[in-house]
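Student: Okay, here's what each chain looks like letter by letter:
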Amino acid sequence: MKLRFLMTAILLLFCGRLADAQSCYPVFSINYTTYSYVTYLNSDDNGGWAETDVNIAGNANMTVGGSCPSWVQAQIQQQINGSTHQPHIYNYTSINGGHGGWTTGPSQCYNCYFNYTTYNDTGYMLDNATTNWNFQDSMACSMGGDIFDTGLINWPFEFAKTLSQTTGGSSGQWTVTEDAPGLVET
Amino acid sequence: MIRYITALLAVSMFAVGTWAQNSPPHLQDVSIVYGAKNPELIPDNIAYRLYLFSLTVPANASEHERQAQAGRLATLNLTVPEDSQVLNILADFRSRYDAWIARWNAEAQQQQEHFDPTLVLQVREDIVADAQRALQSSLTVDRLIRFTRQVQQEKRHMRIITGGSQ
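Sequences listed follow chains B and H, in order. What the first sequence shows, in the numbering used here, is residues 90 to 275, in sequence order. What the second sequence shows, in the numbering used here, is residues 778 to 943, in sequence order.
Calculated from the structure, these hints are not laboratory results. Where a beta carbon is used, it is the ideal one built from N, C-alpha and C, also for glycine. Take the hints with a grain of salt, since some may be wrong.
As the list claims (entries may be wrong) - To be clear about the criterion: a stretch of chain H counts as covered by chain B if any three or more of its residues have a C-beta under 8 Å from a C-beta of chain B, and this derived list gives those stretches:
#	segment
1	844-851
2	881-888
3	933-940
As the list claims (entries may be wrong) - Derived contacts from chain H toward chain B, CB cut-off under 8 Å, selection only:
#	residue
4	I809
5	L818
6	I823
Please model the complete structure; the sequences and the hints are all you need to start from.
Tutor: Written as C-alpha cells, this is what we have:
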C-alpha cells in the first residue's frame, strides 16, 4: 500500500513538471501614444483662460502563447475574447484651488482602437501666475491589470503677455505694443 | 483501490490545472519613449497624426470646442483664406479618422482573435499623409515651415508606449 502511494506521489510530481513545460498563457503586445497639450482660450487685460488636454490613442492585442492541448488554448482564448481594456487619465492644474483629476474612459474590447481625450479648464489665471499641471495616462486590462502607466508628469506653465518694441520711423522714437497673449512653459 | 483511483484523479486534475495557467499576463518588455527627453525618437508620421487630431473638433462641435480649436490654430498665425482652407482639411481628416476607428472597432469585435490590423493600419497612415499633402498645397512656404516647426516642437509633449509579454 505504501509503495502504491509513493508511486502516485512520484507520478503527481512528474505530471506537474510535464504540464508546466507545456503550459499556455496570454501574450500581450501594445502600441499606444499619449499626447498632452495646453490650449489658450481667451484673455483680458490681467490674465486669461486655458485648457489642458490629454489624449491616449492606440491598441493592444492578446494571443495565446506556450504549448498545451488545443482545448486548453481555446479556453484561454475565450477568456481573452471576453476581456476589456479601459483608459485612465489624470489631468489636474493646481491654480484656483485646483481643477480636474482622474477620468475613466469607455471600456472596450481587448483589441479595440482607443482614442480618448480629457479636457480640463484651468479657470481664470492672472498674468505671470504659474500653475503646475500634473498628468498621467494608464490603460487597464480586465484580465491582466495595468497594461502601462506613464507615471505622473509635471509641466508648469504661466499666462504671459510679451511686448514688442519697434522704431517710430525717422523721428527715432520707439513704440511699444502688446502682442497676443500666450502660454509659456516655465 | 478507491484510494488509488482518487490519487489518479488528483494527478489528472493537477496536470490540467497547470496546463491552463490563467494567471494574469505579465508585461515584461514595455518601453516608453518620452518626447520630452528624446523628441528625435518620435517619428514624424506619429507626431503629425497626434498634432493634426489635436487641431480638430468633432462634426457636432460645441462653441467651447470651436473656441479651443481657434486657440490652437492661432499659434500657426494663418491668414483668413488659409484658416478657412485648413479648417476644411482638418474637418476632412477628423471625419476620415473617426470613420477609420469605427471600422477598426467593428472588425475587431466581429473577428476577435482573427482580426489582422496590418491593412487597417496602412489606411490610417494614408489618412495622415493625405492631410499633410493637402496642407502643403494650401499653405504658403512660410506658413508650412511654421507648421512643420510646430509639429517638431510638439514632440516634446508626446510619448510612445510599445512592447508586450513573452
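Student: Sort out which numbered hints this structure fails and list those numbers smallest first.
Tutor: When the structure is compared with the hints, only number 5 turns out to be violated.
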